[in-house]
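K.L.:
Residue numbers (this note's numbering), protein chains in the order written: chain A, 1 to 428; chain B, 1 to 428.
None of these hints come from the bench; they were simulated from the model. Be aware that a few hints might be false.
No copy is singled out in the list; a pair is fine if it fits within one copy or between any two copies.
Said to hold, decoys possible - Taking lysine-lysine pairs in the PhoX-like style, the calculated list, with each CA pair at most 25 Å apart, reads:
#1 232 x 117
#2 199 x 156
#3 58 x 70
#4 70 x 156
#5 58 x 81
#6 306 x 58
#7 199 x 70
#8 116 x 232
#9 43 x 232
#10 43 x 58
#11 232 x 156
#12 43 x 116
#13 156 x 306
#14 58 x 156
#15 199 x 58
Protein chains: 2
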Amino acid sequence: MSVAEVSLESTIQQLAQQAHAASLSLATLPRATKDAVLLTLAKLIEEREDSLREANAKDLEAGAANGLSKPLLDRLELTPKRIAGMAQGVREVAELPDPVGREMESHQHPQGFTIKKVSVPIGVIGIIYESRPNVTIDCAALCLKSGNATILRGGKEAFYSNNALAELIHEALQQHGVTPHAVQIVPTTDRAALNILLKLDDYIHCIIPRGGEALIRFTAENARMPVIKHYKGVCNVYVDAAADAEMATRIVVNAKCQRPSVCNAAENLILHRKTLDTGWLQIARALTDAGVELRCDEASGQALEKAGILYTPVNPELDYHEEYLDLILAVKTVDSADEAVAFVNTYGSSHSDAIVTGDVATAQRFLEGVDSATCYWNVSTRFTDGYEFGLGAEIGISTDKLHARGPMGLNELTTYKYQIVGEGQIRE
Amino acid sequence: MSVAEVSLESTIQQLAQQAHAASLSLATLPRATKDAVLLTLAKLIEEREDSLREANAKDLEAGAANGLSKPLLDRLELTPKRIAGMAQGVREVAELPDPVGREMESHQHPQGFTIKKVSVPIGVIGIIYESRPNVTIDCAALCLKSGNATILRGGKEAFYSNNALAELIHEALQQHGVTPHAVQIVPTTDRAALNILLKLDDYIHCIIPRGGEALIRFTAENARMPVIKHYKGVCNVYVDAAADAEMATRIVVNAKCQRPSVCNAAENLILHRKTLDTGWLQIARALTDAGVELRCDEASGQALEKAGILYTPVNPELDYHEEYLDLILAVKTVDSADEAVAFVNTYGSSHSDAIVTGDVATAQRFLEGVDSATCYWNVSTRFTDGYEFGLGAEIGISTDKLHARGPMGLNELTTYKYQIVGEGQIRE
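Next comes chain A alone, as it looks inside the complex:
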């Protein structure tokens, strides 16, 4: 290794060790201190709007010079509205209940002592993310509230903005006597730093990657510690033979069109063959009126052709796996709810899937048989979201199976320990 490589490795290792040491004291930090830090941070974000915009301007300028696309530059920009939104978000996190110290279960041992399962912070959480600088504040606030130390590794496009935000976080921490190692930013945009970070499983307990599928795959494949993630959202809506056509139309249009660029938008529509001649035409007209391109299998396409509705033939192995994030919908015809369930389990991404039906038994088969984080009956997939689920806030959505599934709020940033209190009992 070169001198520079050795030095980078020791810098990142020291940062992780400091985070680990900080996590041990954060675990017992009283709620009042955590909330005071958050309220100070919210005030600082508002007061320092000008310097935040100055730092952000440097990133925007560099981005423009490096040919960053218009949508990426837009995501990068810290507008006054976004800055106010960050401060407001931090205040809302302060108001949420403390997720640490909840008694989750309790067991009375026959020898007369009590075994309590109590929620505790996870420890050190690494967040790997891309250009939006508000993620810096959102994640720092949620991790601090849940008593975790945080290592933030944002995109190089937002380097100045993220550092300016980190300065405010450190100022808020120090005003209340909390170690600045509670929230640290990786001090370089060197990709090698990320590789080093992902090997430090002695100090970092969990990584949450937020961004495109390539970033998430890189993180999952290289991390030695657990990674909580979702690669993509290929959500399905199944319109059953026993569906109400009005309701099905409303749900399918909402799931596809209300905000096509997000992970809980529908990408595949599954139709029971019995819906092809009536309900399907109503749904298809509403979708094409909303500007949706329909990519149909043979049966659903023929039905449209007879009715004079435009469509494109589907390429099953490409389209059914695809997260369009756009006004495109792939359509599949099935002969039974079981076939629909099998389709969802094959092509979906275990994120959010819905059935529209009036039949209770069929709905139950779907809710139980679909192996996804969130399964809907007669409700749009668009509700998969921490706020909508009553979690108060969201650090991400998981399609993993262990620890956290679906929207992740403060409780999902905690784990538990057992505390056992007795009077000298020994095992016989």
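Please arrange chain B on chain A, whose structure you already have, making use of the hints.
P.N.:
For chain B alone, coordinates are given in the frame of chain A:
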């Protein structure tokens, strides 16, 4: 790759795919069917004692020929008592409540629909273990009861025994119309098969390694899917200045001596300096009477020297990290409970740690500050065990932070999904 390698890879991949397909149907298997399979299995284990012992004799013979040590041969043997114990264990699992389908939380959305968090099986669980063949039955029973498909990879020493047990499992599954792919054994002892298995994260959702530290490290470093594990049990007992000497003696002797070969036995004793002249001598005499070798730091050693009690000087960086699994105890002197907490967090393995004290505030600092799965106040560490914790059975103990910590029972073999039931609600 050679033809043999290609063939091994496709064999293992097919096995994992079959397990994944089986897991989707196991997820909705009614409790009655799962319990019926288990009761049939218990009966078959008893009825086929002779053929089990025949298969086991082949393993014992091969083991002896290959120079397997006496303790390993002992662990490998299926005695009539152990066979009866396996059958009894399976019956006990059948009696436990079904961990699947528990409503864990429920949230009423303002738009009038309900979001339920419901327990579901994890999916496919891989168990990697060493010579004891009863693990085959224990793990298969617990995974089946929790609705998971299982891939079992036992040690090559127990190959014939494990296959004989797997035959009984398949017979029991088939008698009740359950696919034999619910429980599969890796059909080769080739180490390459393990490497292939650990990469199949598309089909296998979790790996639980059970065995020595080397096996567990190999698994954790090579698996692409989450691994739930504990490397070792370096458990600590801290005797505070405010400890009752009688109680401290009872707990330390129990934690060290009652069964020194298990992971919840104490390996380090931490003494508050104020205990050195009185309590420590009482504890040390009881320990040496029980045949324990004491490896002492300077202060604790000098106190023994004055009292004429034998000891060995400790080598801190070796001894305090060591899991002796034997009648050896390393001793450390501290000036405060905080120093004890820091020692536990540095040298312990986050498994089970105890404080003995009469002081509530000190106990609280220890229970909160020690970053371990189970923290005891005035109770022996020996209680860390699924049965003792009221879990009914145990598939292992985790010192990881995510998903499961401490003893893992049936509930820890489940995850959750959200089920949302509405009447056509869409997101505005």
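K.L.:
Evaluate each hint against the coordinates.
P.N.:
Here is how each hint holds up against the structure:
| no. | hint | verdict |
| --- | --- | --- |
| 1 | 232 x 117 | between (34 Å within a copy, 22 Å between copies) |
| 2 | 199 x 156 | within (21 Å within a copy, 32 Å between copies) |
| 3 | 58 x 70 | within (16 Å within a copy, 71 Å between copies) |
| 4 | 70 x 156 | within (17 Å within a copy, 60 Å between copies) |
| 5 | 58 x 81 | within (19 Å within a copy, 75 Å between copies) |
| 6 | 306 x 58 | neither (57 Å within a copy, 70 Å between copies) |
| 7 | 199 x 70 | neither (35 Å within a copy, 39 Å between copies) |
| 8 | 116 x 232 | between (38 Å within a copy, 23 Å between copies) |
| 9 | 43 x 232 | neither (35 Å within a copy, 47 Å between copies) |
| 10 | 43 x 58 | within (23 Å within a copy, 74 Å between copies) |
| 11 | 232 x 156 | within (23 Å within a copy, 40 Å between copies) |
| 12 | 43 x 116 | neither (38 Å within a copy, 37 Å between copies) |
| 13 | 156 x 306 | neither (53 Å within a copy, 64 Å between copies) |
| 14 | 58 x 156 | within (12 Å within a copy, 62 Å between copies) |
| 15 | 199 x 58 | neither (32 Å within a copy, 43 Å between copies) |
When the structure is compared with the earlier hints, violations turn up for hints 6, 7, 9, 12, 13 and 15 and for no others.
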